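Residue numbers (my numbering): 86 to 354.
Derived by calculation from the structure, the hints in this document are not laboratory data. Just so we're clear, the structure is a prediction, and the values are computed from it rather than from any experiment. You may find that some hints are simply not true.
[As the list claims (entries may be wrong)] Below, a list of computed lysine to aspartate or glutamate pairs in the EDC-like style, where the Cα atoms sit at most 20 Å apart:
{"hint": "1", "residue 1": "Lys178", "residue 2": "Asp262"}
{"hint": "2", "residue 1": "Lys107", "residue 2": "Glu174"}
{"hint": "3", "residue 1": "Lys111", "residue 2": "Glu174"}
{"hint": "4", "residue 1": "Lys178", "residue 2": "Glu193"}
{"hint": "5", "residue 1": "Lys245", "residue 2": "Asp293"}
{"hint": "6", "residue 1": "Lys278", "residue 2": "Asp311"}
{"hint": "7", "residue 1": "Lys278", "residue 2": "Glu163"}
{"hint": "8", "residue 1": "Lys245", "residue 2": "Glu174"}
{"hint": "9", "residue 1": "Lys227", "residue 2": "Glu193"}
{"hint": "10", "residue 1": "Lys227", "residue 2": "Glu174"}
{"hint": "11", "residue 1": "Lys107", "residue 2": "Glu163"}
{"hint": "12", "residue 1": "Lys111", "residue 2": "Glu163"}
{"hint": "13", "residue 1": "Lys178", "residue 2": "Glu249"}
{"hint": "14", "residue 1": "Lys107", "residue 2": "Asp175"}
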Amino acid sequence: MFSVLTFLWLVVPDAAAYVDPKCEGKTQTFDDEGQQNFLLNYFALGTTFSAIHAPLPHEPGRGALSLEIAGIPPLSCERRLVLNSSKTEDTNKAPAAPRPRLSFTMPEVGPVAVFGSVGYVPPVTFNGVRNVIVSGEIGVGKELESGVQVGARYHATMLKTIGEIATPFVEGDPAYDEFYSGSTFGLDLSVGKNLGAVTPYVSVGATDVSTFFLIGDDTYVGLNTDPFFGVVAAAGVAGVAREHIDWGAEFYTAPGYIYTGRARVGYLF
C-alpha cells in the first residue's frame, strides 16, 4: 500500500527525518506497511486483559481488589524504524502498564462457578502520553475433587492513547499529539492444579485486534492492513498469602509479537 508518509519521503528527499542515534545504521524489520501493522498490533496486544489468575480465581463467594503490572518490552531499533529506515518512532514510552482490577467469583450454581473482573486505567498523563484503558472478563471455573481446575473465559479491552508518538517527519519541526485506539477481545481455556498454597496453571486461546491511528501533524490515518487474529498463551501461578493477600504472576505471549511477564497483588475479601 502506497501511504501518504511514503509519498512525502519520496517527494521531499532532502528532508532530514529524526533517527535515534542508537539506531544509526540499523534496518527496519518489515517494509513500511508491515512495520506499521506490527506497531499498531503490538501495543494493543501489550494491554490485553490476560487472566493472571487460576482457572477458578477465588473460592466461590469471594473477590479481590488488586493492582496489575503488565510488562511492555521496549522495541528494538529494527522494530521502530520506518520509511525505509530513515526515521524512528518514539514508541518506548514506559516499560510497564499498571491497571487496577476488581474481581469476584459467584457462589456455585450447578457444576460451575461464574466469575468476572473489570480493570480501569484513568486518563493520567505519563511521559507525555495520556492513556485510558477499560477491560473486563467473564468466565466459568470448576475445581475437581483431585484439585485439578478447569476454566473458560471471555475478555475484552479498549485502549485510547493521546500523545506524541510518531516523531515529526522533518527533524526540528513542531511535535503534535497523535491519537491511537486499540481494542482486543478473545476466548481462553485454562487448566491448573490446586496445590494448597499455590495453583500453577496454563491457558491458551484466540484473540482479535482492531486499531485506529491518527497522526497529528498531517492528519494521516495509519491503516492496519493485517490486524492480529491468532493464538495467545500464558503460564503462571496464583495463590493467597496470610489469608487476604491475593497474588498472581504469569508469562504471557502472542507469538511473533509480544513475550512478557505480568503480575498482580491485592486484597482478598
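### Query
Lys178 and Asp262: Cα distance at most 20 Å?
Distance ~14 Å between Lys178 and Asp262 Cα, so the pair holds.
### Query
Is it true that the CA of Lys107 sits at most 20 Å from the CA of Glu174?
Judged against 20 Å, a Cα distance of about 13 Å means the pair holds.
### Distance restraint between Lys227 and Glu193, which requires alpha-carbon spacing of 20 Å or less
holds (9 Å)
### Query
Straight-line Cα separation of Lys227 and Glu174 no greater than 20 Å?
Measuring from Cα to Cα gives roughly 46 Å; hence the hint is violated.
### Message
For a C-alpha distance cap of 20 Å, please report whether Lys278 and Asp311 respect it.
### Response
violated (37 Å)
### Query
Going straight from one Cα to the other, do Lys245 and Asp293 come out at no more than 20 Å?
holds (17 Å)
#### Entry: Straight-line alpha-carbon gap Lys178 to Glu249, limit 20 Å
holds (10 Å)
#### Entry: Hint consistency between Lys278 and Glu163 [alpha-carbon to alpha-carbon, up to 20 Å]
violated (41 Å)
### Task
Would you mind confirming whether the straight-line C-alpha gap from Lys245 to Glu174 stays at or under 20 Å?
Answer holds: Lys245 to Glu174 is near 18 Å, not above 20 Å.
### Message
Please verify whether Lys178 and Glu193 have alpha carbons no more than 20 Å apart.
### Response
Violated, because 43 Å separates the two Cα atoms, which is more than 20 Å.
### Query
Can the restraint linking Lys111 and Glu163 be considered satisfied, given a maximum Cα separation of 20 Å?
holds (6 Å)
### Message
Given the hinted pair Lys111 and Glu174, is their Cα-Cα distance within 20 Å?
### Response
Within the cut-off at roughly 14 Å; holds.
Going through the hint list in order, the structure does not satisfy hints 4, 6, 7, 10.
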